[in-house]
Amino acid sequence: MTDELQTENGVRVIYDPIADTPTSYLREPDEAHPPMDYEGYKSTALRHPKQPLIYLPQTITEITGPQLGPVLMGENDNDLTVQHDGEPIGERIVVSGRVFDTEGKPLRGTLVEIWQANSAGRYKHRWDRWPAPLDPNFSGAGRCITDDEGRYTFTTIKPGPYPWGNHYNAWRPAHIHFSLLGRAFTQRLVTQMYFPGDPFFPYDPIFNSVRDPKARERMVSSFSIHDTVPNWAHAYHFDIYLRGPGATPFEEEH
Amino acid sequence: MIFETTPSQTVGPYFAIGLPFDVGPFVVPEGTPGAIHLTGTIYDGAGIPIPDFLLETWQADSEGRFADMHDHGGHSEQTGFRGFARYGLEDGDGTFDIVTVKPGPVPGLAGQTQAPHIDVSVFARGMLHRTVTRIYFADEAEANAADPVLARVPVERRATLLAEPQDGGYRFDIRFQGPHETVFFAV
Chain Z
1 MTDELQTENG VRVIYDPIAD TPTSYLREPD EAHPPMDYEG YKSTALRHPK QPLIYLPQTI
61 TEITGPQLGP VLMGENDNDL TVQHDGEPIG ERIVVSGRVF DTEGKPLRGT LVEIWQANSA
121 GRYKHRWDRW PAPLDPNFSG AGRCITDDEG RYTFTTIKPG PYPWGNHYNA WRPAHIHFSL
181 LGRAFTQRLV TQMYFPGDPF FPYDPIFNSV RDPKARERMV SSFSIHDTVP NWAHAYHFDI
241 YLRGPGATPF EEEH
Chain X
1 MIFETTPSQT VGPYFAIGLP FDVGPFVVPE GTPGAIHLTG TIYDGAGIPI PDFLLETWQA
61 DSEGRFADMH DHGGHSEQTG FRGFARYGLE DGDGTFDIVT VKPGPVPGLA GQTQAPHIDV
121 SVFARGMLHR TVTRIYFADE AEANAADPVL ARVPVERRAT LLAEPQDGGY RFDIRFQGPH
181 ETVFFAV
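Sequence order for the protein chains is Z and X.
The opening residue of the first sequence carries number 1 in the numbering used here; numbering runs sequentially from there.
The opening residue of the second sequence carries number 1 in the numbering used here; numbering runs sequentially from there.
By construction, these hints were calculated from the structure, which means they are not laboratory data.
The beta carbon of each residue, even a glycine, is placed where N, CA and C say it ideally should be.
Among the clues, some could well be false.
Unchecked claim - Chain Z is faced by these chain X residues, among others (derived, beta-carbon under 7 Å):
| hint | residue |
| --- | --- |
| 1 | I2 |
| 2 | T5 |
| 3 | P7 |
| 4 | V11 |
| 5 | I17 |
| 6 | A46 |
| 7 | E90 |
| 8 | P107 |
| 9 | F176 |
| 10 | Q177 |
| 11 | F185 |
| 12 | V187 |
Given these sequences and hints, build the entire structure.
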């Protein structure tokens, strides 16, 4: 039942505070996500299945899923700027938004996990060896559980772009990795959030592996003066959409 | 559908700074009666182990009940059963080792019964989207023969979905390409 309309960033959104748990989820068209074999991103060559995928009916195993929030959450998990004795260097930002399904229903109580490079574009990971400085006050990982309106909020440092080995003079646009469990195995999503107007966009095969320009825009956050904290942090807004309910519990194979 | 989904992107090489957690490899707490180790190696198209994968599993308990059912029926009543594993290391060698219990049979669609199985997602650098497969058990020949999902898999490829018994549990290798390429599913 949908009984209320709200305005979210100028878009009318159907808001159902007591959404039923779907008994099936939309099957996404192939073009909804990037291809597994993508010439521009060299590492895909040996890491994609060659055989066609086999249709998996959505059974009880696929329409349920782990609800890990309470297991994982710790203090300061959603503020990446206070996880050490000192303050990390860089632009302090608030990154917030809402998690919806494709019907526009907010997903409450779902775990959102992020990880990212520091302001110099360096990850605190053993295998990130490029000569940009590590920041002893920045680990670059956070977790948050969405509230009743599907909202999450992180405070962090704006990550820097960094070079990688895919091709000559390859650089990744600045990004924050996002991981969402959703409510069902079927809704699982790992993606990356980008920043508006990044000059590296035209040159990045990972960003451009999403072939539809409108779909690429859905990975780009927007600057949000509304979410800034005066005299403290500027802000970006990023809404995330996971697969919504399928048409019928016992969908037909196409 | 009113909105389009947010597209997937690769988990990249550095997920280990954020995603793994202490009890991630434990579907059930260590020492749980009947606990088994489910181990395996994940190979790329050149037959080389993939060191930087993230693997997640989701399954029913030994009675065929899930840890989080939402409004789909009764929860698992087994102490500490989480149903979920996440395995990924900063310094991986291509192998995984999760502690779990063998799931029981669970309902399928339209009154069918599914053989014991575990849903698997694999993420890695070089994968722009997760890959999904299912683990079945080689010592469940009768249940496997009646399984509605296995029935969709060409007979000659079904063996790629069977975990083989070994000391302490089962072994399940995943191969992305080659003559024994694992069956992957579109969910």
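- Message: For the restraint on E90 (chain X), tell me whether the closest CB of chain Z is nearer than 7 Å.
- Response: 6 Å, holds
- Item | When the least beta-carbon distance from T5 (chain X) to chain Z is tested against 7 Å, hint result | Holds: closest Cβ of chain Z sits about 5 Å from T5 (chain X), inside 7 Å.
- Item | Agreement of hint F185 (chain X) with chain Z interface, Cβ distance less than 7 Å | 4 Å, holds
- Item | Interface restraint verdict for A46 (chain X) against chain Z (beta-carbon cut-off 7 Å) | Holds - the Cβ of A46 (chain X) comes within 7 Å of chain Z, reaching about 5 Å at its closest.
- With 7 Å as the cut and Cβ atoms as the points, is I17 (chain X) at the interface with chain Z? 5 Å, holds
- Task: Tell me if I2 (chain X) is really an interface residue toward chain Z, meaning its C-beta lies closer than 7 Å to one of theirs.
- Result: For I2 (chain X), the interface hint holds, since the closest Cβ of chain Z sits about 5 Å away, which is under 7 Å.
- Message: Using the nearest Cβ pair, does F176 (chain X) come within less than 7 Å of chain Z?
- Response: 6 Å, holds
- Task: Mind checking the CB of V187 (chain X) against every CB in chain Z and telling me if the closest is under 7 Å?
- Result: 5 Å, holds
- Task: Under 7 Å, Cβ to Cβ, is where P7 (chain X) needs to be relative to chain Z, so tell me if that hint holds or is violated.
- Result: 4 Å, holds
- Can V11 (chain X) be said to touch chain Z, with a Cβ gap under 7 Å? 5 Å, holds
- Query: Can the hint on P107 (chain X) be confirmed by a CB-to-CB distance to chain Z that is less than 7 Å?
  - Reply: 6 Å, holds
- Item | Status of the hint placing Q177 (chain X) at chain Z (closest C-beta pair under 7 Å) | Since chain Z brings a Cβ to about 5 Å from Q177 (chain X), closer than 7 Å, the hint holds.
Going down the numbered hints, you'll see the structure goes against none, and every one checks out.
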